[in-house]
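Asks: Chain residues, written in single-letter form:
Protein chains: 2
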Amino acid sequence: MSKPASLDVTGIGNAIVDIIAKSDDAFLINNAITKGGMTLIDAAAATTLYGAMGPGIETSGGSAANTIAGVAGLGGKAAFIGKVQKDQLGEVFAHDLRALGVQYDTPASTSESPTGRCLVLVTPDAQRSMSTFLGAGQELHPRDVDPATIAAAQITYLEGYLWDPPHAKDAFRKAMDVAHQAGRQVAMSLSDAFCVERYRDEFLHLVAGNIDILFANETEIMSLYQAETFDEALQAVRGKCAVAALTRSEKGCVIVAGDEVHVIEAVKPAQLIDTTGAGDLFAAGFLFGLTHGRNVAASARIGALAASEVIAHLGPRPQSDLKALLKKSGL
Amino acid sequence: MSKPASLDVTGIGNAIVDIIAKSDDAFLINNAITKGGMTLIDAAAATTLYGAMGPGIETSGGSAANTIAGVAGLGGKAAFIGKVQKDQLGEVFAHDLRALGVQYDTPASTSESPTGRCLVLVTPDAQRSMSTFLGAGQELHPRDVDPATIAAAQITYLEGYLWDPPHAKDAFRKAMDVAHQAGRQVAMSLSDAFCVERYRDEFLHLVAGNIDILFANETEIMSLYQAETFDEALQAVRGKCAVAALTRSEKGCVIVAGDEVHVIEAVKPAQLIDTTGAGDLFAAGFLFGLTHGRNVAASARIGALAASEVIAHLGPRPQSDLKALLKKSGL
Chain W
1 MSKPASLDVT GIGNAIVDII AKSDDAFLIN NAITKGGMTL IDAAAATTLY GAMGPGIETS
61 GGSAANTIAG VAGLGGKAAF IGKVQKDQLG EVFAHDLRAL GVQYDTPAST SESPTGRCLV
121 LVTPDAQRSM STFLGAGQEL HPRDVDPATI AAAQITYLEG YLWDPPHAKD AFRKAMDVAH
181 QAGRQVAMSL SDAFCVERYR DEFLHLVAGN IDILFANETE IMSLYQAETF DEALQAVRGK
241 CAVAALTRSE KGCVIVAGDE VHVIEAVKPA QLIDTTGAGD LFAAGFLFGL THGRNVAASA
301 RIGALAASEV IAHLGPRPQS DLKALLKKSG L
Chain X
332 MSKPASLDVT GIGNAIVDII AKSDDAFLIN NAITKGGMTL IDAAAATTLY GAMGPGIETS
392 GGSAANTIAG VAGLGGKAAF IGKVQKDQLG EVFAHDLRAL GVQYDTPAST SESPTGRCLV
452 LVTPDAQRSM STFLGAGQEL HPRDVDPATI AAAQITYLEG YLWDPPHAKD AFRKAMDVAH
512 QAGRQVAMSL SDAFCVERYR DEFLHLVAGN IDILFANETE IMSLYQAETF DEALQAVRGK
572 CAVAALTRSE KGCVIVAGDE VHVIEAVKPA QLIDTTGAGD LFAAGFLFGL THGRNVAASA
632 RIGALAASEV IAHLGPRPQS DLKALLKKSG L
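If you read the sequences in order, they're chains W and X. Start counting the first sequence at 1; every next residue gets the next number (the numbering used here). Start counting the second sequence at 332; every next residue gets the next number (the numbering used here).
These are computed hints drawn from the structure, not numbers from a lab. All values reported here derive from a predicted model rather than from experimental measurement. Hints may be right or wrong, so weigh each one.
[Unchecked claim] Computed beta-carbon distance windows for the label pairs: (1) Gly239/W / Glu581/X: 27 to 33 Å; (2) Ala32/W / Ala573/X: 50 to 56 Å; (3) Glu250/W / Lys658/X: 28 to 34 Å; (4) Arg198/W / Gln458/X: 42 to 48 Å.
[What the hints assert, rightly or not] Result set (BS3-like, lysine-lysine): computed pairs, CA atoms no more than 27 Å apart in a straight line: (5) Lys268/W / Lys366/X; (6) Lys268/W / Lys599/X; (7) Lys251/W / Lys366/X; (8) Lys251/W / Lys599/X; (9) Lys582/X / Lys571/X; (10) Lys582/X / Lys268/W.
Yeah, the Cβ is synthetic: ideal placement off N, Cα and C, and Gly gets one too.
Only chain W is shown next, with the shape it has when bound in the complex (with noise of 0.2 Å):
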């Protein structure tokens, strides 16, 4: 690998294609699938609940991903890192990312393992519930995070299902220890309170001693900090790590940082169709924001809106131009 440009955001992830079809809420009762929540399933219950699924629509997707495609979006200089198969999936996986200017050079796996999907059940109410086959995704290793691409980039931002594939939680690690010796901020989401569950001790250790900017939705920093209420996770954050962003749907968000507390209002969107992506495209616009020298508040602005494109539409990437979103808001 050359050694690559100054970035300003390199994203670390499960590498996922999204199979996203409309159900009901009976389909998932049906199917013992968490609404709301992401399930890993294997590669026969991938099969057989695809089987059962009606039709749907293909998008790359994958949630640290998705937080590069909005970051390239917004107009940010973007890297990716993640496994995928030399197969159809993994084909338009890259193409997608490199179409939007996202460097991603991670060498495809060389066992038998199919590109990692996600089949997403989006449900009348706009919530989204995941079954996850990681596929390749399983073999991120180490040796696939490049130093240079971390080191290159004023943040290096991770997700917490790294913690979900044997070695994905050491190329974390890795990534995480290049990036501060280099000078840089490393930022993570705790991805979802069911993987906050099964990894709470790990991620408490991260938040509090190695993580510079924390991202959560509500109930994901409540259970992180097994509180009762939002405040309460509230108080506990505070002084953890530098920046916490903590999202809370059409309530907006709340921005710890040291001694500043923001709060700040959701971008109500055109119409709320599917609410998949709409942490990542926040992650996207605040990272965005803060390597473009916006402070905490005006950046997480930007996340806001770049989160109400994302759940105006079936999918988790944005489907319209975000910079000239980003203009007109006069963000």
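With the hints as your guide, set chain X onto chain W.
Replies: Chain X only, in chain W's frame:
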């Protein structure tokens, strides 16, 4: 006046009886009534509007008086200072406070002015629009402020509306001075965004130097600091007074207390009927909490609970047993 026993809260405000009727938006437009606001009207306008209104219900009201009724309803020891006439509505007003155990000794008016009334029009969206004829309330004078009733209370609570009558602001200032000289705290409500417009400079001065506990809703605090966003107003009020309780309707409230910032949920009402008194009852719960050893976060939860009771029915005063509600909620 005999020396009062030790009190939790003494409130001072315009003594008002509310006349509440349902209305549609067209009626507000046809009668040039500012939706959601409080407009001062004279006796003639009150008569005309009352003639045009549909059938109503009468209930004791007045912002600070509602708060004091709430404090008493929660089990607190409270007093009220405000001016009525010796007429039927004045009797109703005094009766309703005393029936709750509130100490109410303000001498009645010696003029011809009848007891003040507020014509409240409630639209189907539960919003209330108020047209107030102050009547005898106009005559509140510093001599009505009994120093012992102020000095005996842990907190003296003053409504911003006191800036409207000619001598009431002097009564406000006298009460503030007596309270502070007695080592007590002074709380103030900004009352209404239009009230803030009328007296912004004086309110800014009060908040920055004289008030210990500030109550404001989102539009009021944004009006005070001429802020474009809630967050801008939030940053502006930090450090200005010991405690600022900023209410945001269904978005809950934000409490700023020195370095602490708390974000507290609203309590969903059984049904949303009439928002009249929501801010007043929030203040009641918050002040009850503070004067009963609760911290600001727990006090805000009591405030949210009391507000949820009053918006579930027509009228600005609780209709349920607030003490029982508090117990049931584990607060």
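Asks: With the threshold set at 27 Å, check whether the alpha-carbon distance from Lys268/W to Lys366/X stays at or below it.
Replies: 23 Å, holds
Asks: If you draw a straight line from the CA of Lys268/W to the CA of Lys599/X, is it 27 Å or shorter?
Replies: 21 Å, holds
Asks: Cβ-Cβ distance between Gly239/W and Glu581/X: within 27 to 33 Å?
Replies: Given a distance of about 30 Å, which is inside 27 to 33 Å, the answer is holds.
Asks: Lys251/W and Lys599/X were given as a pair; does the straight-line alpha-carbon distance stay at or below 27 Å?
Replies: The given pair, whose Cα atoms are some 14 Å apart, holds under the 27 Å limit.
Asks: Lys251/W and Lys366/X were given as a pair; does the straight-line alpha-carbon distance stay at or below 27 Å?
Replies: 24 Å, holds
Asks: Is it true that Ala32/W and Ala573/X lie within 50 to 56 Å of each other by Cβ?
Replies: Cβ of Ala32/W to Cβ of Ala573/X: about 53 Å, so the range 50 to 56 Å holds.
Asks: Does Lys268/W lie within 27 Å of Lys582/X when you go C-alpha to C-alpha?
Replies: Cα-Cα ~14 Å, so holds.
Asks: Does 28 to 34 Å hold as the CB distance between Glu250/W and Lys658/X, or does it fail?
Replies: 32 Å, holds
Asks: Under the criterion that the straight-line Cα-Cα distance not exceed 27 Å, is the pair Lys582/X, Lys571/X satisfied?
Replies: 23 Å, holds
Asks: Is it true that Arg198/W and Gln458/X lie within 42 to 48 Å of each other by Cβ?
Replies: Roughly 46 Å apart at Cβ, these two residues keep to the hinted range, so it holds.
In this structure, none of the earlier numbered hints is contradicted; all agree with it.
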